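Novice: Below, each chain spelled out in residue letters.
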Amino acid sequence: MPLPANVTPITVSALTTRIRLRLEEHFPGGWVTGEISNFVRATSGHVYFTLKDAKATLRCMMPRGFALRLKFDPRDGMEVFAQGGVTVYEPRGDYQLQVQELQPKGVGAAELALRQLKEKLLQKGYFDPKHKRALPKYPRRLALIASPTGAAIRDMLQILTTRWPLADVIVKPSRVQGDGAAQDIVASLRMLSRLHEERTLPLHAIVLGRGGGSSEDLAAFNEEIVADAIYECAVPVVSAVGHEVDVSVADLVADLRALTPSQAIIALCPDRDEMMDDLLERGDRLREAVEHRIELARQRVDRLADRSALRRPLERIRDLEQRLDETAVRMLRAAKSCVQRQHDRLAATADQLVSLSPLNVLKRGYTLTQRGDGTVVRDSTDVKPGEVIVTRLRSGELMSRVLGVTPKEAQ
Amino acid sequence: MTEPTPAPRFETALAELDKILRDLEDGTTTLEEALARYERGVGLLKQCYGQLRDAEQRIRQLSGVTEDGKPDLKPFEHTASVEKAKRPKGGNGY
Chain L
65 MPLPANVTPI TVSALTTRIR LRLEEHFPGG WVTGEISNFV RATSGHVYFT
115 LKDAKATLRC MMPRGFALRL KFDPRDGMEV FAQGGVTVYE PRGDYQLQVQ
165 ELQPKGVGAA ELALRQLKEK LLQKGYFDPK HKRALPKYPR RLALIASPTG
215 AAIRDMLQIL TTRWPLADVI VKPSRVQGDG AAQDIVASLR MLSRLHEERT
265 LPLHAIVLGR GGGSSEDLAA FNEEIVADAI YECAVPVVSA VGHEVDVSVA
315 DLVADLRALT PSQAIIALCP DRDEMMDDLL ERGDRLREAV EHRIELARQR
365 VDRLADRSAL RRPLERIRDL EQRLDETAVR MLRAAKSCVQ RQHDRLAATA
415 DQLVSLSPLN VLKRGYTLTQ RGDGTVVRDS TDVKPGEVIV TRLRSGELMS
465 RVLGVTPKEA Q
Chain E
85 MTEPTPAPRF ETALAELDKI LRDLEDGTTT LEEALARYER GVGLLKQCYG
135 QLRDAEQRIR QLSGVTEDGK PDLKPFEHTA SVEKAKRPKG GNGY
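Order-wise, the sequence lines are chains L and E.
Residues in the first sequence are numbered from 65 upward in steps of one, following the numbering used here.
Residues in the second sequence are numbered from 85 upward in steps of one, following the numbering used here.
As a list, the in silico DSS-like pairs of lysine-lysine whose alpha-carbon atoms are at most 30 Å apart:
| no. | chain 1 | residue 1 | chain 2 | residue 2 |
| --- | --- | --- | --- | --- |
| 1 | L | Lys-201 | E | Lys-154 |
| 2 | L | Lys-400 | E | Lys-103 |
| 3 | L | Lys-196 | E | Lys-154 |
| 4 | E | Lys-130 | L | Lys-201 |
Quick caveat, the hints were computed from the structure, so don't treat them as lab data.
All of these numbers come straight from a predicted model, not from anything done at the bench.
So that you can see chain L by itself, here it is in the shape it has in the complex (with noise of 0.2 Å):
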């Protein structure tokens, strides 16, 4: 049956733009919320998915443009709002929402992105306590990256000086906040990195150090590519961003946390004045045991020369007696004269170690007393009246007799 003459059919095609036009005419652009399934990121770059309520569904595309921009990950079932116009897609008669932003619900989309992508590396092990690498007791050469003219460089050169003047000091100076300073810190750290592995600026540490500031200027610490940088370095790494309520991404990878860029110094070295302190009791506990070693040598050749004493009534015996008492006498001189001779090199050439040596005491004003046999004089009723002491002063000597002897007691 031919189709009346007053009737002129359209084209498909022809409906289809006309539909499209009203479409794009009513619905320009505007916010919906709903739920995302059948989510698909296509290889043209392209995002498809499906917006849904309990009522209805809504078919969405977002053009790779926009899907590039996007800050976080969709998944399906978020709750989300959308921005965008209602189109059609001609070749198959489909209406979609063309998608040019989207938000998650509930929380922003940057906090959203920090949080999967600390999720991400997470899974990839990044924060694992097992890759932690442990950082040195006494570092011999530090790199720090941070502002050439902030607060962080000036507060973290001031306490080495202080603290730890052994440490070698390489500054590289970067970005750390605004635009550009994620880059910035990367190409630092695999600078240093490398240098490191060359052999030709081997480090012990990495600080990456910034002053306090708002949220906002941690973004680099937030970033994927810092993360990497500071996962893949050859050196350990402290970081020191200084913001203590918020940890950021390169916290949790970094070999150590520090709150502030100079707690990352105290954390890592040691403090000088306390390690010669430390050092003196060294000197002291090694003094102590030697003497300890020679008091016990003492002993056993006193042990030896009583068990021979019973022996008497062999002759052979009484001479084995006497060579032992001499080998006995001749050993503690040696023993003696041996440790003398150390203390009074110590004293002449180490005034740095003043309370190592006996003989330094000397200097202080105090004198060593001893009895003609060599013996230290400690308590009066060491020495009888009109025997004869050598007094030794800081130079020289005294021999005197004694007069008289007070026990302290009568004192």
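With chain L's structure known, arrange chain E on it following the hints.
Specialist: Below, chain E without anything else, positioned relative to chain L:
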């Protein structure tokens, strides 16, 4: 410029000193050995102490890498402002 490996002198000397202390305090050494170790220990002690006392910090700036892949280092000009800044020792006045 070739950059020498920072010698771990302090750490190794300290480790050797502590080993000597342990040996001496164990009391298992002979008298002669004990005296020899004491002498060595005093030497190490002086070495460590001297390093701590005489240490002067070297601060350099890494500007980049030269064409032959070596670090491009020059003195870091920040010392003046470090001295000017009167901050309490160990503090972090942010």
